[in-house]
Amino acid sequence: MRSRIGTAAARVAVLLLVLAGLWALWEGYRKLWESTGWTWPFPVNSTTMPHLHDIVGALFDPIREGEPLLARYMLDAALFTAKEAAVGFLIGATVGFLLGALIARFGVLQRGIMPYVVASQTIPILALAPIVVVGLGSVSIAGWTPKDWMRVSVIAAYLTFFPVTVNTVRGLRSADPAAVELMQSYAAREWSIFWKLRVPAAMPYLFSAFKVAATASVVGAVIGELPSSIQDGLGGWIINFNQYYALEPENLWAVNLVAALLGIAFFLLVVLVEKLVVHHPPEQLV
Amino acid sequence: MKPSEAVVTARGISKTFGKGGVTALQDIELDVGRGEFISLIGPSGCGKSTLLRVIGDLVDPTSGEIRVNGKSARQARLDRDYGIVFQSAVLYDWRTVAKNIALPLELMGFNRAERAARVQELLSLVELDGFEKHYPWQLSGGMQQRVSIARALSFTPALLLMDEPFGALDEMTRERMNDELLRIWTEIRSTVIFVTHSITEAVYLSTRVVVMSPRPGRITSVLPIDLEQPRTRETREDPRFFELVTEVREALHAGGADDVVEEPEVVE
Amino acid sequence: MSTLAHPASGRRNTQRVRKWGPAAIVFGIGMALWQWVLPALGVERYLLPPLSDVLQAFWDNRSELVRGGWITFKEALGGFVLGCSLAFGFALVLARWRPLGSALMPYMIAANAVPIVAFAPITNAWFGTLSPWSKVVIAAVLCFFPVLVNTLRGLTSLRPESLELMRSYAAPQRVVFARARIPNSLPFVFSALKIASVLAMIGAVVGDYFGGSTEALGVQIVSSVSLAQYETAWAAILVASLIGIAFYAAVALAERLVVGWHPSIRAGVD
Numbered sequence: 001m002r003s004r005i006g007t008a009a010a011r012v013a014v015l016l017l018v019l020a021g022l023w024a025l026w027e028g029y030r031k032l033w034e035s036t037g038w039t040w041p042f043p044v045n046s047t048t049m050p051h052l053h054d055i056v057g058a059l060f061d062p063i064r065e066g067e068p069l070l071a072r073y074m075l076d077a078a079l080f081t082a083k084e085a086a087v088g089f090l091i092g093a094t095v096g097f098l099l100g101a102l103i104a105r106f107g108v109l110q111r112g113i114m115p116y117v118v119a120s121q122t123i124p125i126l127a128l129a130p131i132v133v134v135g136l137g138s139v140s141i142a143g144w145t146p147k148d149w150m151r152v153s154v155i156a157a158y159l160t161f162f163p164v165t166v167n168t169v170r171g172l173r174s175a176d177p178a179a180v181e182l183m184q185s186y187a188a189r190e191w192s193i194f195w196k197l198r199v200p201a202a203m204p205y206l207f208s209a210f211k212v213a214a215t216a217s218v219v220g221a222v223i224g225e226l227p228s229s230i231q232d233g234l235g236g237w238i239i240n241f242n243q244y245y246a247l248e249p250e251n252l253w254a255v256n257l258v259a260a261l262l263g264i265a266f267f268l269l270v271v272l273v274e275k276l277v278v279h280h281p282p283e284q285l286v
Numbered sequence: 287m288k289p290s291e292a293v294v295t296a297r298g299i300s301k302t303f304g305k306g307g308v309t310a311l312q313d314i315e316l317d318v319g320r321g322e323f324i325s326l327i328g329p330s331g332c333g334k335s336t337l338l339r340v341i342g343d344l345v346d347p348t349s350g351e352i353r354v355n356g357k358s359a360r361q362a363r364l365d366r367d368y369g370i371v372f373q374s375a376v377l378y379d380w381r382t383v384a385k386n387i388a389l390p391l392e393l394m395g396f397n398r399a400e401r402a403a404r405v406q407e408l409l410s411l412v413e414l415d416g417f418e419k420h421y422p423w424q425l426s427g428g429m430q431q432r433v434s435i436a437r438a439l440s441f442t443p444a445l446l447l448m449d450e451p452f453g454a455l456d457e458m459t460r461e462r463m464n465d466e467l468l469r470i471w472t473e474i475r476s477t478v479i480f481v482t483h484s485i486t487e488a489v490y491l492s493t494r495v496v497v498m499s500p501r502p503g504r505i506t507s508v509l510p511i512d513l514e515q516p517r518t519r520e521t522r523e524d525p526r527f528f529e530l531v532t533e534v535r536e537a538l539h540a541g542g543a544d545d546v547v548e549e550p551e552v553v554e
Numbered sequence: 555m556s557t558l559a560h561p562a563s564g565r566r567n568t569q570r571v572r573k574w575g576p577a578a579i580v581f582g583i584g585m586a587l588w589q590w591v592l593p594a595l596g597v598e599r600y601l602l603p604p605l606s607d608v609l610q611a612f613w614d615n616r617s618e619l620v621r622g623g624w625i626t627f628k629e630a631l632g633g634f635v636l637g638c639s640l641a642f643g644f645a646l647v648l649a650r651w652r653p654l655g656s657a658l659m660p661y662m663i664a665a666n667a668v669p670i671v672a673f674a675p676i677t678n679a680w681f682g683t684l685s686p687w688s689k690v691v692i693a694a695v696l697c698f699f700p701v702l703v704n705t706l707r708g709l710t711s712l713r714p715e716s717l718e719l720m721r722s723y724a725a726p727q728r729v730v731f732a733r734a735r736i737p738n739s740l741p742f743v744f745s746a747l748k749i750a751s752v753l754a755m756i757g758a759v760v761g762d763y764f765g766g767s768t769e770a771l772g773v774q775i776v777s778s779v780s781l782a783q784y785e786t787a788w789a790a791i792l793v794a795s796l797i798g799i800a801f802y803a804a805v806a807l808a809e810r811l812v813v814g815w816h817p818s819i820r821a822g823v824d
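Residue numbers (the numbering used here), protein chains in the order written: chain C, 1 to 286; chain B, 287 to 554; chain G, 555 to 824.
Calculated from the structure, these hints are not laboratory results. Please note: incorrect hints may appear among the correct ones.
[As the list claims (entries may be wrong)] Short derived list, chain G residues pointing at chain C, Cβ under 8 Å:
{"hint": "1", "residue": "LYS573"}
{"hint": "2", "residue": "ALA577"}
{"hint": "3", "residue": "PRO653"}
{"hint": "4", "residue": "GLY655"}
{"hint": "5", "residue": "ALA657"}
{"hint": "6", "residue": "ILE676"}
{"hint": "7", "residue": "PHE681"}
{"hint": "8", "residue": "ILE756"}
{"hint": "9", "residue": "ALA794"}
Yeah, the Cβ is synthetic: ideal placement off N, Cα and C, and Gly gets one too.
My request is simple: use the sequences and hints to build the entire structure.
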C-alpha cells in the first residue's frame, strides 16, 4: 500500500517535472531568440509565441466585457466536438470491426479489399470534408435528415475505421490454432468459436487500435468542422480565432490547448476501459 | 585439487534480488578444474542460472568472490574468456549463419580472411557445412542451437557457459546434441559449466554433477561421475550409468526438491 | 531444363493471378460503380461526378495538377525527412539513457494523441502563409511522434539474452547499438515510416487548407470546391491520393530491401 502511494507520488513528481521542463524550454527559447534577435527559423515575439501564462490566462478572461470566461465557451465547444468524435468513433469502430471480421473470415477479401482499405487513408480527408458535409445535407433516410454535426461524425468515422479494421484482422487471426482445434473437437460452431475464442484473442489488438482510433476521431471531428460552417465546436473556434490571430494570438493557442487535452482525454478513456475489460499480461501502451 | 589448476573458484557467493527480496544464492563454494565438464542441476528457483550468470559476470553477486583463471570475473569478461550459450539460440535474425558465427570475431578485430577461415572450421565442427548463407529462420531449432554453440566457440574462450542449451529440444535431438557436444569438448579440450534440469543429461555429459536446492539457493552435494571416456551410446545402457542417475536423483530429493512449490525462476 | 521451366513459370503466373486477381476485380467493380451506378442512383454531381468527367478534368488541368502535386509532395517529403530523422535521433538518446526514456514514454504517447493538424494556422503565423515551411513543420510534427514511439520500442525490445551476449563480449554501448539495437529496431522503424508517409501527405494538404501558394494541391482543392468545379476538385484529390500511395509504396519497397530478413516480410504479410 505504502509503495503504491510512493509510485503515485513519483508519477505526480515526474508529471510536474515534465510540465516544468516544457515551460522552461518554451520560455527559455523565447528569451534566447528575443535577446539575440535571431529570426531563424521564424522571428520570436508575443504574437508567434505568446507567454504560456498568457495562453492559460486567456482561458480565464471574458471574451468580451461582461461576458462569460473563454474557458466556459471552450468547455461547451469541447463537449460538442467530443459528441461528434464519440459518435464518429462508434460508427467507425463498428464498421471497422465488421469489415475486419469479414476479411479475417474470407481470405479472398484480404487480397481484394485490404489494398483499398490502406489506399483509403491516403485520400486527404480534409479535402473531402466539404463535399461530405455538404453532400450529406441532401441525404435523408426514410424522411429523417441527419443533423449537421452528424455529418462531421462521418468524417471522424472515416479516420477511425482504418486502424480498427487492420487490427481486427490481425487479432482474430492471432487465436492459437491448437485452441481452435480444441474448440472444433467439441464440435463447436464457427459462431461460438468466433465469440468464445477469436474475439477474446483479438481484444489486446482491438484496444491498441481503439487507442489510435480515439485520437483519430478527435482529429476527424476538429477538421471536419473546419469547412462545414459549424460554429459550436473547437474547429469553429479555430477558424474564428485564426482570423484574429494578429490581435489575440493567445486565444488560438488556448483552443489548441483544449483540443490537445480533448485528444488526450479520449485516449486515456480507452486506456481506462481497457484496464477494466481486458485482463492480459501487462504490456506497453498503444 | 591444487588452486593453480582451478579455472573457476567461487568463494562465499550470495545473491539477493531486490531489497530484502528472494535469496537466489547462499554461500556458494565451488572449484572447477581445467578441462572439467561440470553440470549444475536442481529444481526451478535453485539459482543455477543465476550462479552461471554470476560466474560470467552478467549478474553481480551480493557478496563473495569469483576468480576465473586467477582474475576477477569482470576482468575475465573484459579479456573475453567466456563463451555463452543460452536456452534459446539468440541468433540475430538480420545476420546469416556465417555472420552470426563471425559476430564475436568482428568485435574482437579479426580481419575478413581470418573470420572466413574460422567460420568454415566451426561449420564443419558443428556439421553445418553449406549453411553459411542461410538465415536463422531457415534452420530447425537444433541447427540454430548448433550455430549458437559455434558462435560461442569461435574465439576459443577458456570457459564455456551453457544455460540449459538443449532444454527446448525434443528428446531424440537432445541426445544427438549431447553426443556432438561431447565430441566437440573432447576435440577442443575446454572447460564447460552446464546448467540443466535433466538428470540423465547431467550424468551422461559431466565429469562432476553439482546438485543445488532452492530457497535459499545452495549446493547440497557434488557427485563425481566416474563413467569411462569417451562416452558413447553404450554408456547410456551401462549399469553404472543407472546407478549414478539414481544417486543424483536421491541427492536432489534429499536436498528438498520435493517440497518445492512451483514458482518462476528469478532471472534479472 | 527447358521442359521444367514451363510448368514452373505457369505456376508463378497462377500465383500472381491469385494474389492480384481479387484486387483487380474489386478495382473494376469500383470503377464501374463510380461511372455508371452512382449517377443512375441519382447521386448528385457535386457529391461525386462520374469517373469519366473527373478524368477529363484531370486531363484539362494536367499541368496545374502535376505542378501542384509536385509542390505539395516536396512539402510532405521535407516534413517526412525532418520529422523522421529528428525522431530517430531522439529515440537513440532516450534508448541510451533508459530511465529518461521510460519516464518520458507516456508523455510521448500522450503527445501522439494531440490533434496536431489543428496547429496548422499557427505554423502559418510563424512562417507566413505562403511559405512552404509552415506545411513542412506540420508534416514533420505529425511524423515525429509515431516514429519516435516505434523506434524507441524497437531499440529497447531486445530479448535480455541478446544484451547479455553483447556484455559477455565486453562490447561498448556504441557497438551494442550498431550491431544489436539498431538492426533490431528496423522493422519497427519501417512500420512507423509507412504511417508517417501517409501522415506527411495529409499534413501538407491540410496545411494548405489554411492558405498557401495558389499552386499547391490543397489550395487547388479548396478553391475548386468553392468555385463549384467539383470535377477539378476530385481530380486534385485523385492526384493527392496517387502521390500518397506512391509515397507509401516507395517506403514499403525500401522496407523490403532493407529488412528482407524479417518474419513478416518473408511470410508475405503486409
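Hints versus structure:
1. For LYS573 (chain G), the interface hint holds, since its Cβ comes within 8 Å of a Cβ in chain C; the closest pair sits about 6 Å apart.
2. With a least beta-carbon distance of about 5 Å to chain C, the hint placing ALA577 (chain G) at the interface is held under the 8 Å criterion.
3. Taking 8 Å as the C-beta cut-off, the interface hint given for PRO653 (chain G) is violated, the closest approach to chain C being about 10 Å.
4. Interface restraint check: GLY655 (chain G) against chain C, minimum CB-CB distance 12 Å, threshold 8 Å, status violated.
5. Taking 8 Å as the C-beta contact cut-off toward chain C, the hint placing ALA657 (chain G) at the interface holds, the least distance being around 5 Å.
6. A cut of 8 Å between beta carbons decides the hint on ILE676 (chain G): the least distance to chain C is about 6 Å, and the hint holds.
7. Interface restraint check: PHE681 (chain G) against chain C, minimum CB-CB distance 5 Å, threshold 8 Å, status holds.
8. A distance limit of 8 Å between C-beta atoms decides the matter here; for ILE756 (chain G) the minimum to chain C is near 6 Å, and the interface restraint holds.
9. Here the hint on ALA794 (chain G) is kept, as its CB sits about 5 Å from the closest CB of chain C, short of 8 Å.
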